[in-house]
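Asks: Given next are the chains, with one letter for each unit.
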Amino acid sequence: MMQRTLSLLLLVAAITPLCAQGGTIVIRAGTVITVSGENYSPGAVLIVDGRIAAVGKDVAEPDKALVINHPEGVVVPGFVDAGCGVGARRGLAESQRAMMPDLRLADALDPSDPAIKRQLAAGTSTWLVLPQDGNVLGGRAAVLRATATGELKVLKSDAGLAVCLRERSYDREREPTSLMGALALLERASAPAYDAAAAVDRGVLVGCHTDREVAVALRLGARAKGRAVLFTTADTCDSVDAAAKAFSGTVFARVLPELSDRLSAVPARHVAAGGVIAFSSAAPELPASALRLCALTAVRGGLAQDAALRALTLSAAELLGVADQVGSISSGKLGDVLVFSKHPADARAQLLRVVQGGVLVTPHGGVVVTPHGGVVVAPASKE
Amino acid sequence: MKKMQGLLVLLLCAAALDAQTVIKAAKAHLGDGRVVAPAWVAVSGGRITEVSNEALSGDEVVDCGAGEIAPGFIDGWSSAGLARAGAENEEGREVTPQVNIAALYEPRHVSVKRRLAQGVTTLLVRPGTRAVIAGAAQVVPTSPQSSTPRHEGAFLCVTLGLDPAAGNSGGGGQGFYSRRPNSRMGVVYDVRTSFTQVQEALKAGTAIEADWMPLVAALKGECTVVWYTETEKEIWTALRLIDELHIPHNICAGAVRASGAAADLKARGVPLLLGEQHWAQYARQRGRGGMDAVHDHGAGTLHSEHLHEVEPEVRARLGALAAQGITHPIDTSEEQLFDLGQDCCMAPGVGAGETTVDKNRVPVTTQARELVRAGVLCAFAGGGDSAGTHLLDYARLAVRDGLDPARALSMLTLEPARILGIAKHKGSLEAGKDADLVVFSGDPLVPTSTPVLVMTEGRIVLRPAAAKGE
Amino acid sequence: MRILLLPLLLLVFVRGMASAQSAPEQRLLLVGGQVQTSADSAPRKADVLIVGERIEAVGEGLKAEGATLWDATGLVISPAFVDAANLGLLDDSAFRGGAGDMAADMFEGHDSLPRERLARAGIGLVYVDIALQDASRGLVGCVASTDPKGANVTVLERLAGLSFAIGTRAQGIAGRMGRSGEVAAVGEALSAARRYRTSFEKHTKDVEKHAKDMKEAEAKQAKADKPDKPEKTDKKSLPPQKPRIEELHETVLRTLDHKAPLRIEAHWREDIEAALELATKQGLRLVLLGGGEADEVADKLATAKAVVVLGPAQPLWVSPLLAPRRRNDLAAKLDAAGVRIAFMSAGARGYRSDSAPLIAALHVAEGLSEAAALRALTLGAAEAIGLGGRCGSVEPGRLALLQLRTSKLSLDGAAPQKMVFGTSVIDGKKS
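Residue numbers (my numbering), protein chains in the order written: chain V, 279 to 661; chain A, 61 to 530; chain L, 139 to 569.
So that you can see chain V by itself, here it is in the shape it has in the complex (with noise of 0.2 Å):
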């Protein structure tokens, strides 16, 4: 505990500067969804020094506040994106050993990856990268995000240990070439650095793309005690109710427009089952508004829109273990923050202006809100 709280500060500390350039921000809006408390309609959202001050029906404006009026505009948390590939490009399969607990994500950060800015231009502010799942167990993941200019930074550098029981883990020429194989290695060989893992808050997060895959993953869920988080596809349609009381939580990859009606539907069986869900945008191999785009395909599947909008926002943030600083709109969080002009769980909604860290960011480079209220404006890229 005493550790954790530790760890804690340290995380605290680390994002202290990046926050000290935002500035104060007032938004009022036709519409706050807190996400984690309730909601206010009309509401306003206070920002100060890139964390969240104040949230109600109307909030006190600090002089020389920036404010933002968006009187028909729904305002919402900054979206947490739980899997992608963004900042971290290529060089991630470091396939040749099955069992390579100790690698880092953090290791492979490539801070110069274009695919940041969309990042933010789509609304995502937090993300998870995984390391490439061509071993059973892969490494440490991590959270990164982005401040308002673009620049990359991590929010967690251990966010859990990778297991993967997809086929490309076991179908090289080297041990284990079976599933089961896999199985019998991380209940055995690698059982120190599992319970290691696993003892962690949200410690495990297992990739699965079939049914026969989360059967086995069941078996490690319980293990982990509730603390194993599953990544799959909506193809696991099968194992929606073991899977929600097994795991903490199911990210869902590539749920998108074209899945049948059936498939559609699984994000929705699984909250109905108890389940905590969130979403991966895949990206950059998708666009970042992938993730936008799985919530509408899980609401056309029979998802309600404000359950949507929780799995884009705090069940995402609480299944990487980043709830205490994003996923929602309550004071201390980090000032991440978008204005839709509806619900964005609907197809019609659009992304008005996001404000990440307590900064404004717009399509050309950032508008830095300077922490005496004045206003800068960054170098806009060419057009």
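Hints in this document: simulated from the structure, not taken from any laboratory.
Note that beta-carbon positions come from the ideal geometry of N, C-alpha and C, so glycine has one too.
Please note: incorrect hints may appear among the correct ones.
[What the hints assert, rightly or not] Covered by chain V, per the in silico footprint, the following chain L stretches (three or more residues, Cβ under 8 Å): (1) 431-442; (2) 548-559.
[Claimed, not checked] Listed below are the simulated DSSO-like cross-link pairs for lysine-lysine, each with C-alpha atoms no more than 30 Å apart in a straight line: (3) L/358 - V/620; (4) A/280 - A/263; (5) V/431 - A/326; (6) L/556 - L/287; (7) L/201 - L/340; (8) V/620 - L/343; (9) L/358 - L/287; (10) L/397 - L/343; (11) L/343 - L/358; (12) V/431 - V/342; (13) L/397 - V/620; (14) A/326 - A/280.
Use these hints to put chains A and L onto chain V, whose structure you have.
Replies: Here is chains A and L on its own, set in the frame of chain V:
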């Protein structure tokens, strides 16, 4: 009287052993940015004894006329003098700190001779980049007549990026290359594991194998770690590892693209050796404009870095080209090509915007200027053998892209000497330093100037035809 | 000429046509509902009388003898959506179309499931297209009704339009011809049809001449020698042989006669300009598919009254070649510049074939007004598929392709309560 006698003996001895040679030229670039004109440089005993703008006398006066003198160039990232093209690689293991390239260095090798003729007098010869901890590098002279290699400083080469993983199969099987590492992540893992193992052994006081002693030296600051960092992302990785492992002396080397990390290099005080730049090709493109470059490269390749400069022109003329049936191979995955060491091939007009390349990225050719502006201690390095990749060309082209000429010249001389820690003896024309110098027919940074005289440690190894007869 | 062409046009409409041939046409009267004439108009109380496949009358208190009454109380009667290019109703083999392929030949009319899904999305009509490859292959699309209850034959227009692709920069990879070559190929297809028409016209004259000659000969014969009549008839010369009929040429001729649209897929500015120039030269109206950089030539497109058919605002897995620059707000820009737009689901990976309304909604999310998006899904698409003036609104004379919703037309993603195809009313929502 006795005193006089002693002096006379000394003088006689000096005359007998080390006659004073004076080189006369129109100008001398001292290497630290200063210029002396006209210039006389007196050399004796392998060292420079005086640099003056007034006439000096000597046993031999070499008059280079309108020539200009510069300190001998220093290439801080070289694989010249090795029998294998490219570089020596010990691939038996990923971590081989015990190997030392210096034993293989052959100054009579044609690649060294060629560099000497270009005015390069000192090299840091280094192992290849196929192993993660690739072994020791060594400062060596390019002159075969030089006395035994001077063991100045100790360098340990560490490779980041994908080079050590390239060619390794990620699957199983029995082949030699069915092995780790397979990723950038795995390469870092090897670096970290090696250093932390040594750190733990040091802490515990347990015995450390002799093979691993270079790692101990690196951790103790007795040896400089040269990180091979091809692009910004590897530089950032190196900086993270330096902080994490507490390594005191570091150099980032071989960077083809580095300006994005300039501020971070400056903040940590880590110097940078810019790597081989394929600048010959860039130069052609810049010189003739984008459209000619399209024609030049046959099927029509155009480096994406320049797209934002030529795009309007390209766009305007593309129609005409297409009407002639000229089509363009397109590969927008710039990064992939880049990592393969190829130039980026793109169709002119392919959106240089969000989908492919960051428009705001500094063109490679201007990065020397950007790095200098940011205050990074940096030098040109990695001059290749092929035409147009001479070390000096890097400086010439950087000047064309806006780098201060004096600074460009010092990035070939004093700056690399500082980075390699040999500035006490090398890098500038100063009394007391080694007499390594090169005389050009004119301004060294003008492409038409050629070396007419090269001297290493006081010995003239390349001599002007006109001066020879005197 | 036109008389000769008519039999070739397979104008079949599901029920209306089928019944029209035997019994008097069926009549359906929708009463008690509100009518939203087009995407732009507000719903007003009115009844709709449908006779056969067409809307006969719209107005309050309509009376029709023998008509089936259908109570539309509480519902808004609005035009069904139209997907301006759809591959979802084709056999898989159609995805690599060859020169002159007919979408109608590969149309999977027997499977009513996809049509049911389309109808549930409010889509009443689709332009069935074949995946385009290049300019040398003029592909013939068909227009099909999505009526799930319809019989096998639900093709409304067999030779509905002609599609080409021009994409110089995209051709580099495949090593195909350049833009000039592609434009020439399209031009050649049009010229070939003109030649065909000339020979056809010549044939018509020849037939007339032959008939006249025969008549004269007969008259002479009648005067000269009456008893030998049967023998003489046998010796009559045969009429000139008709030129071979090719459906591709027929379609091109329809295109030249402004009966079918000239559809060209182009994404890069230069390609779009070339396509526009080609269409202008031929005196045709261009339907542009894709149009990644169309906003750069928006004025020209507006002047030429071209229709731009757009796919998703943010395509998934699309090659940068086909989406030169990510201009998510392309639809909004074109609409602001007065360019007619429509939406298509064809070829968009990651999207189902019933995604046209979703694609429209996602364009709204990028700044297009919802009214403009709805217009594009109805009247805009009608123009894009060559049925301008024949569908896309609830007006007398138009095809009766309607959706019945509890509120006015919107892109909220909800399924309509009912769909009306001619005189049949079908459940919109999944039961």
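Asks: If a hint holds in the structure, say so; if it does not, say that too.
Replies: Status of the hints after comparison with the structure:
no.	hint	verdict
1	431-442	violated (count 0)
2	548-559	holds (count 3)
3	L/358 - V/620	85 Å, violated
4	A/280 - A/263	13 Å, holds
5	V/431 - A/326	19 Å, holds
6	L/556 - L/287	13 Å, holds
7	L/201 - L/340	52 Å, violated
8	V/620 - L/343	65 Å, violated
9	L/358 - L/287	60 Å, violated
10	L/397 - L/343	24 Å, holds
11	L/343 - L/358	22 Å, holds
12	V/431 - V/342	28 Å, holds
13	L/397 - V/620	41 Å, violated
14	A/326 - A/280	23 Å, holds
When each numbered hint is compared with the structure, violations occur for hints 1, 3, 7, 8, 9 and 13.
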